Amino acid sequence: MLEGVRVSKRFGGLKALTDFDFLVEKGQIVGLIGPNGSGKTTLFNVITGFYPSDSGKVLFKGKEITRCKPYEVSKLGISRTFQIVRPLLGLSVIDNITTAVLYGRDNIGSMAKGRGRALDLLKFVRLDVKKDVPAQSLVAAERKRLELARALAAKPEFLLLDETFSGLNDTEIADAIKLIFKIRDELNITIFLIEHVMKAVMGTCEKIFVMQYGVKLAEGKPEEVSKNPAVIEAYLGKKKHA
Amino acid sequence: MQEMMQERGPNRPWGKYIYLPIIMIILFAFPLVNPPLFFLTLFFSVFMYVGLTESWNLLGGYTGYVSLGHIAFFSMGAYTTAVFMNRFGISPFATAILGGVFAALLAALVGYPVLRLKGAYFTISSLLLAVVMQLIFMNWEFVGSSTGLWYKLLPVSIEANRIIFYEVMLVVALVITLLVRWVEKSKFGAGLIAIREDEDVAKMMGINTPLLKMRAFILGAFFAGVVGGVYGYYMSYVHPEVTFNINTSLLILLMSFFGGCRTWTGPLLGAVVLSLANQLIVTFIGAEISRILYGLLLVIVIIFMPNGVIQYIKGAFVSEKG
Numbered sequence: 003m004l005e006g007v008r009v010s011k012r013f014g015g016l017k018a019l020t021d022f023d024f025l026v027e028k029g030q031i032v033g034l035i036g037p038n039g040s041g042k043t044t045l046f047n048v049i050t051g052f053y054p055s056d057s058g059k060v061l062f063k064g065k066e067i068t069r070c071k072p073y074e075v076s077k078l079g080i081s082r083t084f085q086i087v088r089p090l091l092g093l094s095v096i097d098n099i100t101t102a103v104l105y106g107r108d109n110i111g112s113m114a115k116g117r118g119r120a121l122d123l124l125k126f127v128r129l130d131v132k133k134d135v136p137a138q139s140l141v142a143a144e145r146k147r148l149e150l151a152r153a154l155a156a157k158p159e160f161l162l163l164d165e166t167f168s169g170l171n172d173t174e175i176a177d178a179i180k181l182i183f184k185i186r187d188e189l190n191i192t193i194f195l196i197e198h199v200m201k202a203v204m205g206t207c208e209k210i211f212v213m214q215y216g217v218k219l220a221e222g223k224p225e226e227v228s229k230n231p232a233v234i235e236a237y238l239g240k241k242k243h244a
Numbered sequence: 003m004q005e006m007m008q009e010r011g012p013n014r015p016w017g018k019y020i021y022l023p024i025i026m027i028i029l030f031a032f033p034l035v036n037p038p039l040f041f042l043t044l045f046f047s048v049f050m051y052v053g054l055t056e057s058w059n060l061l062g063g064y065t066g067y068v069s070l071g072h073i074a075f076f077s078m079g080a081y082t083t084a085v086f087m088n089r090f091g092i093s094p095f096a097t098a099i100l101g102g103v104f105a106a107l108l109a110a111l112v113g114y115p116v117l118r119l120k121g122a123y124f125t126i127s128s129l130l131l132a133v134v135m136q137l138i139f140m141n142w143e144f145v146g147s148s149t150g151l152w153y154k155l156l157p158v159s160i161e162a163n164r165i166i167f168y169e170v171m172l173v174v175a176l177v178i179t180l181l182v183r184w185v186e187k188s189k190f191g192a193g194l195i196a197i198r199e200d201e202d203v204a205k206m207m208g209i210n211t212p213l214l215k216m217r218a219f220i221l222g223a224f225f226a227g228v229v230g231g232v233y234g235y236y237m238s239y240v241h242p243e244v245t246f247n248i249n250t251s252l253l254i255l256l257m258s259f260f261g262g263c264r265t266w267t268g269p270l271l272g273a274v275v276l277s278l279a280n281q282l283i284v285t286f287i288g289a290e291i292s293r294i295l296y297g298l299l300l301v302i303v304i305i306f307m308p309n310g311v312i313q314y315i316k317g318a319f320v321s322e323k324g
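Chains as they are written, first to last, in the numbering used here: chain A, 3 to 244; chain B, 3 to 324.
This is chain A alone, in the form it adopts within the complex (with noise of 0.2 angstroms):
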């Protein structure tokens, strides 16, 4: 569904992707791991258009993607989640999603009618109780959760999701990868996601990309790359013999 062919980027001397070919089947939950710095949000920025790549392309769908600028690549069925969460904090949390819907795919119109689909979504990631709170006044877990309500808004067919596990707790983990599932299974969204909580990666990915400086060091099954050793040295460092 999601296909990426040797998409090369750099910014002056660094080169933050270098040939990286990925390909997500849809219905997929498929990760993506590496190191800090390693080029992950970069990618997502390539496929959303927020970069231009230097050389390769993307695919969605058998269609070229790789020159559409961010609100085209969303109206073609791809949303996001940003890694540092922005909901637009000076907007209650249903006037957030409203705005969302209506400029969404399905292109709504009216008001009200947005408000009605934005509160089914809230109830969805079961956040309608703070409806009429400012985005701002949201702890961590609960932004993260307006953030992917607001992803879905746009009625996406795929979905990127930057680090939505990060900073959250036990339980909270457990609540998210439900959710993710439920994104799938419920609305049919496929779902490729950057993380670094491996326990979130381990329980929902049926297929990882381990990248590093740029390139695809593995790629496979999660109890393949977690017993690779290339991947055990990029997060571990080198053994030393003596």
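There's no promise every hint is true.
Stated by the list, open to error - List time: in silico DSS-like cross-link candidates among lysine-lysine, alpha-carbon distance up to 25 angstroms:
id: 1; chain 1: A; residue 1: 71; chain 2: A; residue 2: 17
id: 2; chain 1: A; residue 1: 133; chain 2: B; residue 2: 187
id: 3; chain 1: B; residue 1: 189; chain 2: A; residue 2: 77
id: 4; chain 1: A; residue 1: 115; chain 2: B; residue 2: 189
id: 5; chain 1: A; residue 1: 115; chain 2: A; residue 2: 180
id: 6; chain 1: A; residue 1: 223; chain 2: A; residue 2: 184
id: 7; chain 1: B; residue 1: 120; chain 2: A; residue 2: 125
id: 8; chain 1: A; residue 1: 63; chain 2: A; residue 2: 77
id: 9; chain 1: A; residue 1: 71; chain 2: A; residue 2: 59
id: 10; chain 1: A; residue 1: 223; chain 2: A; residue 2: 180
id: 11; chain 1: A; residue 1: 157; chain 2: B; residue 2: 189
id: 12; chain 1: B; residue 1: 189; chain 2: A; residue 2: 133
id: 13; chain 1: A; residue 1: 115; chain 2: B; residue 2: 187
id: 14; chain 1: A; residue 1: 28; chain 2: A; residue 2: 201
id: 15; chain 1: A; residue 1: 28; chain 2: A; residue 2: 77
id: 16; chain 1: B; residue 1: 316; chain 2: A; residue 2: 71
id: 17; chain 1: A; residue 1: 184; chain 2: A; residue 2: 63
id: 18; chain 1: B; residue 1: 120; chain 2: A; residue 2: 132
id: 19; chain 1: A; residue 1: 133; chain 2: B; residue 2: 120
To be verified - Ranges between beta-carbon positions, derived for each pair:
id: 20; chain 1: A; residue 1: 179; chain 2: B; residue 2: 134; range: 56 to 62 angstroms
id: 21; chain 1: A; residue 1: 238; chain 2: B; residue 2: 319; range: 42 to 48 angstroms
id: 22; chain 1: B; residue 1: 249; chain 2: A; residue 2: 121; range: 27 to 33 angstroms
id: 23; chain 1: B; residue 1: 202; chain 2: A; residue 2: 173; range: 29 to 35 angstroms
id: 24; chain 1: A; residue 1: 138; chain 2: B; residue 2: 181; range: 28 to 34 angstroms
id: 25; chain 1: B; residue 1: 26; chain 2: A; residue 2: 173; range: 40 to 46 angstroms
id: 26; chain 1: B; residue 1: 188; chain 2: A; residue 2: 238; range: 54 to 60 angstroms
id: 27; chain 1: B; residue 1: 143; chain 2: A; residue 2: 15; range: 52 to 58 angstroms
id: 28; chain 1: B; residue 1: 119; chain 2: A; residue 2: 179; range: 39 to 45 angstroms
If you're looking for bench data, these hints aren't it; they were derived computationally from the structure.
Just so you know, these numbers come straight off a predicted model, no measurement behind them.
Using N, Cα and C, we set each Cβ at its ideal position, and we do this for glycine too.
Given chain A, put chain B in place with the hints provided.
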């Protein structure tokens, strides 16, 4: 948008708005009592600033793209009407609209490159627009260069002329305010506000942010152009130094920030209070003093009431109750 929801709620008393038509009727009838010219002009300038500040707020308030170039659109309107009336003899009521159209065209021309800039960069380039336009008009023979242009008055007495354009400006200010209020509560407004809150997130929501900013910029310029056209008739004279006065741009900004640029009520309150204060201070104390006071006020408002006076007072009430 929060305000909007409360307002549409069932328990909001509509009686609260009853005074609005009354105020409007009084303002419309005001010239009938044959007031001194000073008051007529004072009120005229209040309406003018209401129109300018509300139209500025479309872009400056809702999207947060603070422009200092609004005066260029206003002057564009004033000059367009003068030229069309003097050279082609077109009726003032049609040329005011034409003034809006030309201002909108100017906005469309400069908007594409300028709106790609953000923050201070946008503000500075919008200021340059005003300065460059002033220089062009100062040196352009066709529009009277540095001697300015006189308007041909309507074939009525000078008093009647003033009264007609007093009423026209009142209507223009009212229409602009109502339209801006409508935009604020529409999908268009929701998109503009999302741009102010976080432009990247807005893009990811599927909002075509360049297009929306452009629309707000052009619509605001159109309104400013119409206001400029009517202003020209009332004053019956345009001159690059007076019409393109950069201080007017600053005043507009201050009025909007003073009242609070996030809602349509803020610019309205700011324009009324500050343009009254400005005219009174300039008349009775002096223009220099008024500039110092305005500068101080801008600093105070930005530091202590970043969301404007209305929110500040509301906030004070809430904390007293709590």
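Verification of the supplied hints:
Proposed proximity of residue 71 of chain A and residue 17 of chain A is supported: the alpha carbons are some 22 angstroms apart, at most 25 angstroms. For the given pair, residue 133 of chain A sits about 18 angstroms from residue 187 of chain B by alpha-carbon distance, which is consistent with the 25 angstroms threshold. Between residue 189 of chain B and residue 77 of chain A the alpha-carbon distance is near 17 angstroms, which keeps this suggested pair within the 25 angstroms criterion. With a C-alpha separation of about 11 angstroms, the suggested pairing of residue 115 of chain A with residue 189 of chain B holds against the 25 angstroms cut-off.
About 28 angstroms separates the Cα atoms of residue 115 of chain A and residue 180 of chain A, which puts this hinted pair outside 25 angstroms; it is violated. With a C-alpha separation of about 21 angstroms, the suggested pairing of residue 223 of chain A with residue 184 of chain A holds against the 25 angstroms cut-off. With a C-alpha separation of about 36 angstroms, the suggested pairing of residue 120 of chain B with residue 125 of chain A is violated against the 25 angstroms cut-off. Only pairs whose Cα atoms come within 25 angstroms are accepted, and residue 63 of chain A paired with residue 77 of chain A is accepted, the gap being roughly 13 angstroms.
About 14 angstroms separates the Cα atoms of residue 71 of chain A and residue 59 of chain A, which keeps this hinted pair within 25 angstroms; it holds. With a CA separation close to 20 angstroms, the supplied pair residue 223 of chain A and residue 180 of chain A stays within the 25 angstroms bound. With a C-alpha separation of about 18 angstroms, the suggested pair residue 157 of chain A and residue 189 of chain B falls inside the 25 angstroms cut-off, and the hint holds. Simply put, residue 189 of chain B and residue 133 of chain A have alpha-carbon atoms about 19 angstroms apart, close enough for the 25 angstroms limit, and the pair holds.
About 14 angstroms separates the Cα atoms of residue 115 of chain A and residue 187 of chain B, which keeps this hinted pair within 25 angstroms; it holds. Restraint check for residue 28 of chain A and residue 201 of chain A: the C-alpha separation of about 23 angstroms stays at or below 25 angstroms, so the hint holds. As the CA atoms of residue 28 of chain A and residue 77 of chain A are separated by approximately 18 angstroms, the hinted pair is consistent with the 25 angstroms bound. About 40 angstroms separates the Cα atoms of residue 316 of chain B and residue 71 of chain A, which puts this hinted pair outside 25 angstroms; it is violated.
Our distance criterion of 25 angstroms between C-alpha atoms is met by residue 184 of chain A and residue 63 of chain A, whose separation comes to about 22 angstroms. In summary, the hint linking residue 120 of chain B to residue 132 of chain A is not supported, as the alpha carbons are separated by about 33 angstroms, beyond the 25 angstroms threshold. A C-alpha spacing of about 31 angstroms is found between residue 133 of chain A and residue 120 of chain B, which places the hinted pair above 25 angstroms, so the restraint is violated. At roughly 58 angstroms, the beta-carbon separation of residue 179 of chain A and residue 134 of chain B lies within the given 56 to 62 angstroms, and the hint holds.
As the Cβ distance of residue 238 of chain A to residue 319 of chain B is approximately 58 angstroms, the hint placing it in 42 to 48 angstroms is violated. The given range of 27 to 33 angstroms is broken by residue 249 of chain B and residue 121 of chain A, whose C-beta atoms sit roughly 47 angstroms from each other. Roughly 31 angstroms separates the CB atoms of residue 202 of chain B and residue 173 of chain A, a value that falls within the hinted 29 to 35 angstroms. Take residue 138 of chain A and residue 181 of chain B: their Cβ atoms lie about 30 angstroms apart, and the range 28 to 34 angstroms holds.
Look at residue 26 of chain B against residue 173 of chain A: about 58 angstroms separates their beta carbons, and that is not inside 40 to 46 angstroms. Residue 188 of chain B and residue 238 of chain A have their C-beta atoms about 55 angstroms apart, which keeps the hinted 54 to 60 angstroms range intact. Remark: the range hint 52 to 58 angstroms for residue 143 of chain B to residue 15 of chain A is upheld by a beta-carbon distance near 55 angstroms. At about 43 angstroms, the beta-carbon gap between residue 119 of chain B and residue 179 of chain A stays in the expected band of 39 to 45 angstroms.
When each numbered hint is compared with the structure, violations occur for hints 5, 7, 16, 18, 19, 21, 22 and 25.
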